[in-house]
Amino acid sequence: SRGAPSSGLAAPRAYTSALALYTVGALRRYHSCLLLCIEQTSAVFEQLCRLVKCVVNPGDCGSAERCVLAQLHDLYKAAAHLCHAPHADTFANAYPKIKQALYSPLQPTPSNYVYNPQFLSEFFTNPRKGKIEIAWARQVAESPANRYSFVCSAMLAVCREVDNDRVNELGVVCAEMTAWCSGLAAE
137 SRGAPSSGLA
147 APRAYTSALA
157 LYTVGALRRY
167 HSCLLLCIEQ
177 TSAVFEQLCR
187 LVKCVVNPGD
197 CGSAERCVLA
207 QLHDLYKAAA
217 HLCHAPHADT
227 FANAYPKIKQ
237 ALYSPLQPTP
247 SNYVYNPQFL
257 SEFFTNPRKG
267 KIEIAWARQV
277 AESPANRYSF
287 VCSAMLAVCR
297 EVDNDRVNEL
307 GVVCAEMTAW
317 CSGLAAE
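Residue numbers (the working numbering): 137 to 323.
Among these hints, one or two may not hold up.
Computed beta-carbon distance windows for the label pairs [stated by the list, open to error]:
1. Q176 with A221: 15 to 23 Å
2. E258 with Q176: 44 to 52 Å
3. A322 with K267: 41 to 49 Å
4. C190 with K213: 38 to 46 Å
5. A321 with A271: 19 to 27 Å
Source of the hints: derived by calculation from the structure; they are not laboratory data. Glycine included, C-beta positions come from ideal geometry on N, C-alpha and C.
Hey, can you work out the whole structure from these sequences and the hints?
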């Protein structure tokens, strides 16, 4: 299980998440080169597994953890030697769960919900650098109408914004909210 979105260890968690994202970015860039060396691929795979060992449900984790899981999935799928012991012993059960959570085809949800511009308006007027209140995530997760309003507000906020840094901040908090509320992925 994982900690609450706004737990007391925010600074170390943010640093670790940022470092994990940079690492995954570099690994993605040089994915084909990494696959040429079995030892390096195995070492990277083991270290990435350690980063996400506490993730119980791939559909319910932070956005940085999702990126690490996606990288693990791609490595496991591309490197045949990872499909055998000792890697398969630890990852074979997680692989189908990750595939289901991150790679299953999504169908947009048809809806007749009414847009509520007041729903989580503070979230979009003052995004807090990826910090999500657990109460907000619950509100979005528990109500399809709230998910609809959240998505509409996110789209409008991004379309109205003129500052690139702010657009990036909105993207980060929306990615984090989607990671905490997997029902948003289909929206």
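**Request:** Look at the Cβ atoms of Q176 and A221 and judge whether their distance stays inside 15 to 23 Å.
**Result:** holds, 19 Å
**Prompt:** If you check the beta carbons of C190 and K213, does the distance land in 38 to 46 Å?
**Reply:** This hint is violated: roughly 23 Å between Cβ atoms.
**Asked** Okay, A322 versus K267 on CB: inside 41 to 49 Å?
**Response** Given range 41 to 49 Å: violated, Cβ gap about 24 Å.
**Message:** Looking only at beta-carbon atoms, does the pair E258, Q176 fall within the given range of 44 to 52 Å?
**Reply:** holds, 45 Å
**Request:** For the range 19 to 27 Å, tell me whether the beta carbons of A321 and A271 fit it or not.
**Result:** The hinted range 19 to 27 Å holds for A321 and A271, with Cβ atoms some 21 Å apart.
In summary, the numbered hints that this structure violates are 3, 4.
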